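Colleague: Given next are the chains, with one letter for each unit.
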Amino acid sequence: MTTQTTRTLPLADLPGTDVAGQTLVEAAKQDPRIWALTADVMHSTKTEYFALAFPDRFINVGVAEQTMVGVAAGLATCGKIPFAAAFAAMLSMRACEQIRTDVAYPNLNVKFIATHSGFALGPGGTTHHATEDIAIIRSMANMTILVPCDIYQTREAVRAAIAWPGPVYIRLGRGRDPIVYSDGLNYQIGRAVKVREGKDVTLIGCGRTVAECVLAAEQLAVEGVDARVLDVHTIKPVDAVAIEEAAAQTKMIFTVEEHSVVGGLGGGVAEVLAGLKHSAPLRRLGVPDIFASIGPQEALLAKYGLTADKIFACVCAAYTSAS
Amino acid sequence: MRFLSDAQVDEMTKRAHEIRQIMLEMLAMSGGGHFGGSLSVIEILVGLYGSVMQVDPARPDWPDRDRLVLSKGHAGAALCPVLAQFGYFDESLLPTFNKLDSPFGMHPDMHKISGCDMSTGSLGHGLAVGIGMALAGRTDGKDYRVYVVLGDGECDEGSVWEAAMVASHYKLSHLTAIVDRNQVSLDGNTEEIMTLEPLAERWRSFGWNTVEADGHDFRQIYKAIQDAQDVQSRPTVILAHTIKGKGISFMEGKHEYHYANLTGKELDIARTEVGRKVR
Chain Y
1 MTTQTTRTLP
11 LADLPGTDVA
21 GQTLVEAAKQ
31 DPRIWALTAD
41 VMHSTKTEYF
51 ALAFPDRFIN
61 VGVAEQTMVG
71 VAAGLATCGK
81 IPFAAAFAAM
91 LSMRACEQIR
101 TDVAYPNLNV
111 KFIATHSGFA
121 LGPGGTTHHA
131 TEDIAIIRSM
141 ANMTILVPCD
151 IYQTREAVRA
161 AIAWPGPVYI
171 RLGRGRDPIV
181 YSDGLNYQIG
191 RAVKVREGKD
201 VTLIGCGRTV
211 AECVLAAEQL
221 AVEGVDARVL
231 DVHTIKPVDA
241 VAIEEAAAQT
251 KMIFTVEEHS
261 VVGGLGGGVA
271 EVLAGLKHSA
281 PLRRLGVPDI
291 FASIGPQEAL
301 LAKYGLTADK
311 IFACVCAAYT
321 SAS
Chain C
1 MRFLSDAQVD
11 EMTKRAHEIR
21 QIMLEMLAMS
31 GGGHFGGSLS
41 VIEILVGLYG
51 SVMQVDPARP
61 DWPDRDRLVL
71 SKGHAGAALC
81 PVLAQFGYFD
91 ESLLPTFNKL
101 DSPFGMHPDM
111 HKISGCDMST
121 GSLGHGLAVG
131 IGMALAGRTD
141 GKDYRVYVVL
151 GDGECDEGSV
161 WEAAMVASHY
171 KLSHLTAIVD
181 RNQVSLDGNT
191 EEIMTLEPLA
201 ERWRSFGWNT
211 VEADGHDFRQ
221 IYKAIQDAQD
231 VQSRPTVILA
241 HTIKGKGISF
251 MEGKHEYHYA
261 NLTGKELDIA
271 RTEVGRKVR
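Chain order of the listed sequences is Y and C. Counting with our numbering, you get residues 1 to 323 for the letters of the first sequence. Counting with our numbering, you get residues 1 to 279 for the letters of the second sequence.
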């Protein structure tokens, strides 16, 4: 159990935020209903591409997330498809009521691009960590939550959100994340991706942790543990079938998320498992119920056990003691 | 035309009296409601639907219609009978108000009430939504106007002022806000609870064309709204001076009737006062 990760996944050439921003511009060339809004974070959220390409359909409200969401709601009542982009922490919490009351409740066609999620702004400390946003947004009826794990999936998520009726929350990181997939994905909202087949345990990730799950599964294979990796890129509506299959076909389930263990991916999976007569046991890896430390994203992921090595060690220990 | 004829004023006055009566009965049946702020806003709403707004009750989704966001959503008890009076739906539906599965609750739902352009109820939300509607109209080359009706107590909300900045920054001349300045919020007089004055100066300093009017005088409401259409590159706010609980003597100016359930003698008095004005 001393195996260390030898392999790493290649990093993307571009941050996911750039890819989302560019995808939005491409889509907006064909679809005049698409607007973009931001709250003085045009450069950070990469909505600046849109601002340059379509200044007439771009709104920067200044440092006013609540108003950004309200304006987006008003645009949506007039048939527009507004994308409102801001840091995940401020979007999900400062504008929480506007998202819930002005968008989710009237089921308006507003899309959110929540950047710098999880520990992407790790050195920023608790004010800038977004480790509750999935739980907050997931509790709202009518909402769809997408957490893409690499640039290819990010591109598909933005495209799919445009075609998907109703509000969508797209959760992105910040930098150049590892590449899990290749071009030409078959992406469907609500359909989890089985990245790797396995019969002993299932590792369920979303966003940044999918890459770590993949690498952890490779390490586990060396130790003779056959790990399935499930990419639950849609947190809501969650792919209950894929989770139920994992519960029936593998012996333990681990959720791994750059988010609190309360109410996020792990919470969603637990809700599915709770409805089953028989289920494999679940271990939720994520930020424990605390406010996290300051530090770089990768260091925080390691500190809270969300890197491949730590996942590997956790699974080995749990699986060995159970077997 | 910048002036209403006597006949128009008579017609709207009659409607306002009828709406007060309908509202009173509706709230008596439902076990209570937001009397104060609903009674104060009736002339504003009747003035808008009766003499200003380009709308078609037969086509509530008409893309070119003027829009109204009742940001003080707790005046849903006024909006519902107003929309019924102007033909959006049958008045016979109103007695379900607040009852299980009714389309009508204390705060209006755009998907349940024909003619309601936005779901509201939590204060400080509507102005931003109105901005979105006005931006969409301007970009689409449409000439429709957007009216957002706010409460004065609502102006305590910081989000109102965020939106006020954005509206003037984007020079939204097709956006008109009307503040129901009834001087009373839930807990008491606005100036005792949280000072709003100098309210006009505050709106003006946020870049708004700011006018004041008697919010129970149809001619003044009409003129203020029409004058706003001449203003270029700036949104207009009308501070409409009203009386909380207008039309029921023991409620007038009283915060205790922001929300109330009338029974017994109070209900009798209210019925008498409201009823004798209905011809």
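These are computed hints drawn from the structure, not numbers from a lab. Being a predicted model, the structure only gives us computed values, none of them experimental. Hints may be right or wrong, so weigh each one.
Straight-line C-alpha distance at most 20 Å; calculated SDA-like pairs for lysine to any residue [unchecked claim]: (1) K99(C) / S173(C); (2) K29(Y) / D56(Y); (3) K142(C) / R33(Y); (4) K171(C) / A51(Y); (5) K112(C) / A141(Y); (6) K171(C) / P106(Y); (7) K112(C) / K310(Y); (8) K112(C) / I34(Y); (9) K112(C) / K142(C); (10) K171(C) / V63(Y); (11) K171(C) / K194(Y); (12) K29(Y) / D140(C); (13) K142(C) / S279(Y); (14) K194(Y) / R283(Y); (15) K171(C) / N107(Y); (16) K171(C) / R283(Y); (17) K112(C) / Y105(Y); (18) K194(Y) / G175(Y); (19) K142(C) / G79(Y); (20) K142(C) / A240(Y); (21) K142(C) / T8(Y); (22) K171(C) / F58(Y); (23) K142(C) / P55(Y); (24) K199(Y) / A163(Y); (25) K142(C) / G166(Y); (26) K112(C) / T23(Y); (27) K142(C) / R100(Y); (28) K29(Y) / A51(Y); (29) K171(C) / G62(Y); (30) K112(C) / A221(Y); (31) K112(C) / K199(Y); (32) K171(C) / S279(Y); (33) K112(C) / D61(C); (34) K112(C) / K194(Y); (35) K142(C) / F54(Y); (36) K251(Y) / S279(Y); (37) K29(Y) / T139(C); (38) K142(C) / Q226(C).
Colleague: It remains to establish, for every hint, whether it holds in the given structure.
Modeller: Now for the hints, and whether the structure bears them out:
At roughly 40 Å between alpha-carbon atoms, K99(C) and S173(C) are farther apart than 20 Å, so this suggested pair is violated. With a C-alpha separation of about 13 Å, the suggested pair K29(Y) and D56(Y) falls inside the 20 Å cut-off, and the hint holds. For the hint linking K142(C) to R33(Y), the alpha-carbon distance of about 15 Å falls within 20 Å, and the restraint holds. A threshold of 20 Å between alpha carbons decides the hint, and for K171(C) with A51(Y) the separation of about 18 Å falls inside it, so the pair holds.
Simply put, K112(C) and A141(Y) have alpha-carbon atoms about 17 Å apart, close enough for the 20 Å limit, and the pair holds. For a cut-off of 20 Å, the pair hint linking K171(C) to P106(Y) is broken: about 27 Å separates their Cα positions. Of the supplied pair hints, the one linking K112(C) and K310(Y) is violated, its CA atoms being roughly 51 Å apart against a limit of 20 Å. A threshold of 20 Å between alpha carbons decides the hint, and for K112(C) with I34(Y) the separation of about 27 Å lies outside it, so the pair is violated.
A C-alpha spacing of about 26 Å is found between K112(C) and K142(C), which places the hinted pair above 20 Å, so the restraint is violated. The straight-line distance between the Cα atoms of K171(C) and V63(Y) is roughly 18 Å, inside the 20 Å bound, and the hint therefore holds. At most 20 Å may separate the alpha-carbon atoms for a hinted pair to count; K171(C) and K194(Y) exceed this at roughly 51 Å. Restraint check: the Cα-Cα separation between K29(Y) and D140(C) comes to about 16 Å, which is no more than 20 Å; the hinted pair holds.
The straight-line distance between the Cα atoms of K142(C) and S279(Y) is roughly 58 Å, outside the 20 Å bound, and the hint therefore fails. Taking the CA atoms of K194(Y) and R283(Y), the gap is near 19 Å; set against the 20 Å cutoff, the hint holds. In summary, the hint linking K171(C) to N107(Y) is not supported, as the alpha carbons are separated by about 28 Å, beyond the 20 Å threshold. Straight-line distance between C-alpha atoms of K171(C) and R283(Y) comes to about 54 Å, which puts the hinted pair past the 20 Å bound.
With a CA separation close to 12 Å, the supplied pair K112(C) and Y105(Y) stays within the 20 Å bound. Note on K194(Y) and G175(Y): the hinted pairing is violated, with a Cα-Cα distance of about 25 Å set against a maximum of 20 Å. In summary, the hint linking K142(C) to G79(Y) is supported, as the alpha carbons are separated by about 13 Å, within the 20 Å threshold. A C-alpha spacing of about 45 Å is found between K142(C) and A240(Y), which places the hinted pair above 20 Å, so the restraint is violated.
A C-alpha spacing of about 55 Å is found between K142(C) and T8(Y), which places the hinted pair above 20 Å, so the restraint is violated. With a C-alpha separation of about 15 Å, the suggested pair K171(C) and F58(Y) falls inside the 20 Å cut-off, and the hint holds. Note on K142(C) and P55(Y): the hinted pairing holds, with a Cα-Cα distance of about 18 Å set against a maximum of 20 Å. With a C-alpha separation of about 35 Å, the suggested pair K199(Y) and A163(Y) falls outside the 20 Å cut-off, and the hint is violated.
At roughly 25 Å between alpha-carbon atoms, K142(C) and G166(Y) are farther apart than 20 Å, so this suggested pair is violated. The hinted pair formed by K112(C) and T23(Y) fails the criterion: a straight-line CA distance of about 36 Å is larger than 20 Å. For the hint pairing K142(C) with R100(Y), the CA-to-CA distance comes to about 29 Å; that exceeds 20 Å, so the pair is violated. Under the criterion of a C-alpha separation no larger than 20 Å, the hint pairing K29(Y) with A51(Y) is consistent with the structure, at around 13 Å.
In summary, the hint linking K171(C) to G62(Y) is supported, as the alpha carbons are separated by about 15 Å, within the 20 Å threshold. Restraint check for K112(C) and A221(Y): not satisfied, since their Cα atoms lie roughly 56 Å apart, outside the 20 Å limit. Restraint check for K112(C) and K199(Y): not satisfied, since their Cα atoms lie roughly 50 Å apart, outside the 20 Å limit. The straight-line distance between the Cα atoms of K171(C) and S279(Y) is roughly 59 Å, outside the 20 Å bound, and the hint therefore fails.
Pair hint K112(C) plus D61(C) holds up; C-alpha atoms about 13 Å apart against a cutoff of 20 Å. Straight-line distance between C-alpha atoms of K112(C) and K194(Y) comes to about 41 Å, which puts the hinted pair past the 20 Å bound. As the CA atoms of K142(C) and F54(Y) are separated by approximately 19 Å, the hinted pair is consistent with the 20 Å bound. Of the pairs offered as hints, the one joining K251(Y) and S279(Y) holds, with about 8 Å between alpha carbons and a cut-off of 20 Å not exceeded.
A hinted pair counts as satisfied when its Cα atoms are at most 20 Å apart, and K29(Y) with T139(C) qualifies at roughly 16 Å. A hinted pair counts as satisfied when its Cα atoms are at most 20 Å apart, and K142(C) with Q226(C) qualifies at roughly 18 Å.
When the structure is compared with the earlier hints, violations turn up for hints 1, 6, 7, 8, 9, 11, 13, 15, 16, 18, 20, 21, 24, 25, 26, 27, 30, 31, 32, 34 and for no others.
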